[in-house]
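Student: Here is how the chains run, residue by residue.
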Amino acid sequence: MTSPGRNPMKGKSGIPSGGRSPFNWRSLFGPLRPRREGTMPAGLIIVVIVLALCVAGLLDADSTLRKSNAKGEGWRNGIAKTVASVTDTLHINFFRNSIDDALGKNQGTKIDVEELLRQQAEAESAASAEAAEKVPELPAPTPATPMKIWVGGDSITQTFGTSFQRITQSTGIFTPTLDFHVSTGLARPDFYNWPEHLVKTVFPANPSILVIMFGANDGQNMVGADGKVLERTSEPWMTEYRRRVAATMDLLKSPDNQRITIWCGPPPMGPGTKTRGMDQMSYIYWSEAQSRPWIQYFDTWPFFSDSNLSFAARLPNADGVVRGMRQKDNVHFSTVGGDRLSWAVIDRIGKLVDLSAGKVTPPAGQAPPASLVERTEIPPSMPGAE
Amino acid sequence: MLFPTVDFAVFFLVVFTGSWLLRPHKIAWRWFILASSFVFYGWWDWNYLALLSLSIGINWFLGLAVFRSLTPEGERTNASRWLVRIAVVVNLGILGYFKYFDFFVSTIADKMRSIGISVDAPILNIILPIGISFFIFQAISYVIDIGRGQWRKPLTILDFAVYLSFFAHLVAGPIVRASEFAPQLDVLPDPRYVRSAEAFMLIFRGMFKKVVISSFLAIQIVDPVFANPNAYGPLAVLLAIYAYAIQIYADFSGYTDIAIGVALLLGIRFPQNFDSPYIALSLQDFWSRWHMTLSRWLRDYLYIPLGGNRGSKAMTYRNLFLVMIIGGLWHGANWTFVVWGAIHGSYLVAERIVKEKWKGHELGLPPLLVKAMQWFLVFNVVCLAWVFFRATSVDEAFALLGRLFASSGSSAGVSLLLIFVIVASVASQFVPQRFPQKAEVWFATWAPALQIAALAGGLVLVDALGPEGIAPFIYFQF
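Residue numbers (the numbering used here), protein chains in the order written: chain X, 78 to 463; chain B, 35 to 512.
Hints listed in this document are in silico derivations from the structure and should not be mistaken for laboratory results.
For every residue, glycine included, the Cβ atom is placed at its ideal position computed from N, Cα and C.
Each hint should be verified, as a subset may be incorrect.
Claimed, not checked - Label pairs and their calculated CB-CB ranges:
{"no.": "1", "chain 1": "X", "residue 1": "Ser175", "chain 2": "B", "residue 2": "Ser213", "range": "20 to 26 angstroms"}
{"no.": "2", "chain 1": "B", "residue 1": "Phe138", "chain 2": "X", "residue 2": "Gly349", "range": "14 to 20 angstroms"}
{"no.": "3", "chain 1": "B", "residue 1": "Ser213", "chain 2": "X", "residue 2": "Pro348", "range": "32 to 38 angstroms"}
{"no.": "4", "chain 1": "B", "residue 1": "Pro470", "chain 2": "X", "residue 2": "Asp165", "range": "33 to 39 angstroms"}
{"no.": "5", "chain 1": "B", "residue 1": "Pro401", "chain 2": "X", "residue 2": "Gln246", "range": "47 to 53 angstroms"}
{"no.": "6", "chain 1": "B", "residue 1": "Val475", "chain 2": "X", "residue 2": "Arg319", "range": "57 to 63 angstroms"}
{"no.": "7", "chain 1": "B", "residue 1": "Ser87", "chain 2": "X", "residue 2": "Lys225", "range": "58 to 64 angstroms"}
{"no.": "8", "chain 1": "X", "residue 1": "Ser384", "chain 2": "B", "residue 2": "Gly76", "range": "32 to 38 angstroms"}
{"no.": "9", "chain 1": "B", "residue 1": "Leu438", "chain 2": "X", "residue 2": "Thr159", "range": "51 to 57 angstroms"}
{"no.": "10", "chain 1": "B", "residue 1": "Ile151", "chain 2": "X", "residue 2": "Lys277", "range": "25 to 31 angstroms"}
{"no.": "11", "chain 1": "X", "residue 1": "Ser384", "chain 2": "B", "residue 2": "Ser462", "range": "50 to 56 angstroms"}
{"no.": "12", "chain 1": "B", "residue 1": "Arg333", "chain 2": "X", "residue 2": "Ser384", "range": "44 to 50 angstroms"}
Unchecked claim - Heads up, incomplete: computed chain B residues facing chain X, CB under 8 angstroms, no partners named:
{"no.": "13", "residue": "Leu47"}
{"no.": "14", "residue": "Val48"}
{"no.": "15", "residue": "Ile253"}
{"no.": "16", "residue": "Asn264"}
{"no.": "17", "residue": "Pro268"}
{"no.": "18", "residue": "Leu299"}
{"no.": "19", "residue": "Pro305"}
{"no.": "20", "residue": "Gln306"}
{"no.": "21", "residue": "Glu396"}
{"no.": "22", "residue": "Pro482"}
{"no.": "23", "residue": "Val494"}
{"no.": "24", "residue": "Ala498"}
Let the sequences and hints guide you as you build the complete structure.
Tutor: What follows is the structure in structure tokens.
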């Protein structure tokens with residue numbers, strides 16, 4: 078810092094001293110001897126920052142493109158694509174990809190859901206295809222023969238799922254498994270491929286009931302089959318998302334029609350959240366589930382909203398005491414909210430499977446009021462929904 | 035606009051270049067910085083700019099009115115006192131509306147329901163404008179300082195607008211005072227000697243803390259355990275508590291490191307906001323190292339006006355306790371913050387009482403052991419308070435603490451890497467400041483090409499080690 082009286086920006090000639098000597102590229106390669114420790118001229122700082130950002134941008138082009146694809150940033154996405162294609166051609170992305178490989182990140186997917194479905198259809202006998210036309214009839218679980226139940230999805234399922242796991246365990250007739258993966262959904266198979274995970278990890282364990290919840294992370298742009306970026310909640314986006322939902326639902330059908338999936342729609346999100354299109358996604362899930370008896374859509378919306386079906390962070394349970402249902406982010410459930418949803422889902426399962434051998438009567442302080450029911454029909458959109 | 039993003043990198047390049055080119059032209063430079071700050075703030079939501087502009091206009095006008103009501107010698111008058119009070123009420127009114135209205139209404143409605151009166155609470159679901167607590171506190175300090183006669187003349191509206199909205203400190207501090215900031219507007223920094231090495235180190239360190247450390251701890255253990263403590267056993271819960279202490283430090287100090295570094299590149303020096311807080315041997319020491327600019331704000335504008343330590347011991351204890359409770363409430367409208375403040379307030383009071391009682395007494399233990407015991411106690415009290423700070427409700431905080439004594443539960447998320455990150459993060463605070471300072475001086479002598487390679491490699495590494503996407507900084511919500 079200098080005194081206010083003197084203008085350090087100007088040399089004797091009156092030209093800003095930062096630009097007095099012409100820039101010499103060779104000076105970039107020699108060590109610096111700053112006259113004041115730890116300093117550098119502003120002009121050189123610009124060069125350093127610009128070049129550092131350019132080099133980082135080139136090295137990191139694939140990662141930038143992935144993020145840009147998710148956001149779908151128009152012209153910025155175009156730039157990201159161009160840079161990524163250049164770095165790919167020149168193999169400059171080797172450095173970043175090596176780090177990713179070492180960390181086991183962004184491995185992408187080689188699985189083809191359509192191919193899996195084709196194989197499934199071929200393996201399916203005519204008899205089982207006919208059986209799949211009705212809701213699977215599962216044997217009643219007992220403490221001696223507990224039923225395998227799997228609960229999974231994104232980070233919302235983290236809280237809900239841990240409640241669900243604890244509560245189903247306490248009934249004495251279920252053997253639960255919790256399997257959540259934060260920041261995941263169906264929009265970004267390059268980040269996490271749920272169909273692949275279901276096939277490789279979930280199905281081999283042979284659970285009779287799956288409880289699944291997606292959506293909170295899916296309100297982002299997607300890359301369609303043709304490589305085009307689809308702007309979130311646009312018509313082409315909806316078509317592609319519907320296709321993915323339908324394919325995942327088809328994948329969930331078991332060859333012997335002995336598996337039910339409770340597909341939980343997302344709850345309404347509170348103010349200040351970045352989630353979008355929860356209502357529209359709910360509609361897609363619901364409408365696709367209508368033609369698939371092995372998928373039972375569960376409408377969480379009324380259980381976490383006020384009488385106008387708008388977001389409500391605090392709600393009364395069956396005992397009439399008002400409690401906080403959501404975490405501070407207005408997205409994730411609190412433990413109380415997780416318990417509430419768990420009992421509601423167990424109640425729904427009880428309508429499909431005989432659960433009378435288990436302790437399935439919820440404490441009034443954990444369960445939703447009996448007056449709350451799912452909607453019979455989900456509208457395509459809800460004005461004002463986050 | 036978040037700091038560790040491509041958007042901000044492009045924004046800053048433009049601001050950096052424009053700022054140094056326009057620096058000799060005082061008025062043009064101020065307008066440029068003001069416009070840049072508005073773009074930065076409006077990037078989230080342009081509607082918030084109205085609130086920021088309103089805050090600038092009201093506080094500048096009140097500052098001027100307070101100044102004019104002082105005596106020519108700068109002494110307070112009845113009018114100046116009243117105007118200061120009005121300014122405080124107006125500012126706290128704005129803050130209260132956005133931050134506490136829903137909390138207040140829902141608390142009353144819950145109480146009424148508990149006595150059998152059913153009410154339909156008018157919850158407005160108000161979205162809290164980012165950084166409102168920070169710029170409101172800065173505005174209050176400006177008007178109060180004028181009222182105390184600490185300013186010989188008020189700032190021009192342009193200078194005040196630049197001060198209040200300066201993008202580097204706008205959304206999460208540090209809480210800079212006008213007396214620290216305004217003089218730097220008139221002093222032209224020498225463009226030949228920009229403190230680049232310190233700035234680069236601060237920015238890189240901040241990004242690493244935020245993107246890598248904070249995110250890793252949040253995903254690995256903190257979020258799952260705090261979301262459902264009943265599923266976890268004592269080890270996972272204990273590590274989640276320690277991990278949160280590191281997470282919030284890495285997140286918040288990471289942001290201020292970047293903010294200080296960014297400002298430094300523009301020739302503006304901000305006050306330090308963190309000074310290795312987890313090496314503190316007393317809670318008083320902790321508060322002289324944690325969120326230092328908030329601590330001194332609370333001291334100068336709350337603790338001292340309440341009487342500070344000028345009255346009886348009981349009054350001093352009351353003042354300490356009250357300041358911590360209010361400091362807790364500043365963070366948000368939730369009883370969890372009140373409990374957090376109460377723990378700090380009670381411990382500060384207890385610390386004073388014990389110190390006074392034990393003055394001159396020797397324990398007869400080796401000094402190093404005494405220090406280790408003091409450190410352990412303070413660190414764990416701070417961590418205990420963080421549990422309430424992080425939990426959604428007081429009940430959930432107690433549920434989590436109860437799991438420390440559970441006989442079973444999952445240890446999911448516990449790993450050697452997690453323990454290493456926690457231990458290394460605490461240990462890093464014991465590293466003397468002279469080591470990073472020497473590294474900065476050495477870095478500044480590197481050939482620019484080498485600096486470019488190091489910075490680029492560092493950015494790629496941070497991005498690779500971090501999660502997909504950047505979570506908002508924790509302190510944005512305050």
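Student: So, for every hint listed, does it hold in this structure?
Tutor: Each hint tested on the structure:
The hinted window of 20 to 26 angstroms between X:Ser175 and B:Ser213 is violated, with their beta carbons roughly 51 angstroms apart. A C-beta distance of roughly 18 angstroms is found between B:Phe138 and X:Gly349, which places it inside the suggested range of 14 to 20 angstroms. Under the hint 32 to 38 angstroms, the C-beta atoms of B:Ser213 and X:Pro348, about 37 angstroms apart, fit the expected range. Between B:Pro470 and X:Asp165 the Cβ separation comes to about 38 angstroms, which falls inside the hinted range of 33 to 39 angstroms.
Between B:Pro401 and X:Gln246, the C-beta spacing of about 52 angstroms keeps the proposed range 47 to 53 angstroms intact. Distance hint check: the CB atoms of B:Val475 and X:Arg319 are about 60 angstroms apart, consistent with the given range 57 to 63 angstroms. B:Ser87 and X:Lys225 have their C-beta atoms about 60 angstroms apart, which keeps the hinted 58 to 64 angstroms range intact. Look at X:Ser384 against B:Gly76: about 36 angstroms separates their beta carbons, and that is inside 32 to 38 angstroms.
One distance hint, 51 to 57 angstroms for the beta-carbon pair B:Leu438 and X:Thr159, holds here, with the actual separation near 54 angstroms. For B:Ile151 and X:Lys277, the Cβ-Cβ distance of about 56 angstroms falls outside the hinted range of 25 to 31 angstroms, so the restraint is violated. Separated by about 52 angstroms at the C-beta atoms, X:Ser384 and B:Ser462 satisfy the suggested range of 50 to 56 angstroms. Roughly 48 angstroms separates the CB atoms of B:Arg333 and X:Ser384, a value that falls within the hinted 44 to 50 angstroms.
At about 6 angstroms, the closest approach between the beta carbon of B:Leu47 and any beta carbon in chain X falls short of 8 angstroms, and the interface hint on this residue holds. Annotation: interface hint on B:Val48 violated; nearest CB of chain X at approximately 11 angstroms, more than 8 angstroms. Using the Cβ-Cβ criterion of 8 angstroms, the hint placing B:Ile253 at the interface with chain X is satisfied: the shortest such distance is roughly 6 angstroms. A distance limit of 8 angstroms between C-beta atoms decides the matter here; for B:Asn264 the minimum to chain X is near 6 angstroms, and the interface restraint holds.
The closest approach between the C-beta of B:Pro268 and any C-beta of chain X is roughly 17 angstroms, which is over the 8 angstroms cut-off, so the hint fails. Look at B:Leu299: its Cβ gets to within about 7 angstroms of chain X, closer than 8 angstroms, so that hint holds up. A cut of 8 angstroms between beta carbons decides the hint on B:Pro305: the least distance to chain X is about 15 angstroms, and the hint is violated. Because the beta carbon of B:Gln306 sits about 16 angstroms from the nearest beta carbon in chain X, more than 8 angstroms, this interface hint is broken.
Annotation: interface hint on B:Glu396 violated; nearest CB of chain X at approximately 44 angstroms, more than 8 angstroms. The interface hint given for B:Pro482 is met, as the beta carbon of that residue sits about 4 angstroms from the closest beta carbon of chain X, less than 8 angstroms. Annotation: B:Val494 was flagged as interfacial toward chain X, and the flag holds, the nearest CB pair being 5 angstroms apart, inside 8 angstroms. For B:Ala498, the shortest C-beta to C-beta distance to chain X is roughly 4 angstroms, which falls under 8 angstroms, so the interface hint holds.
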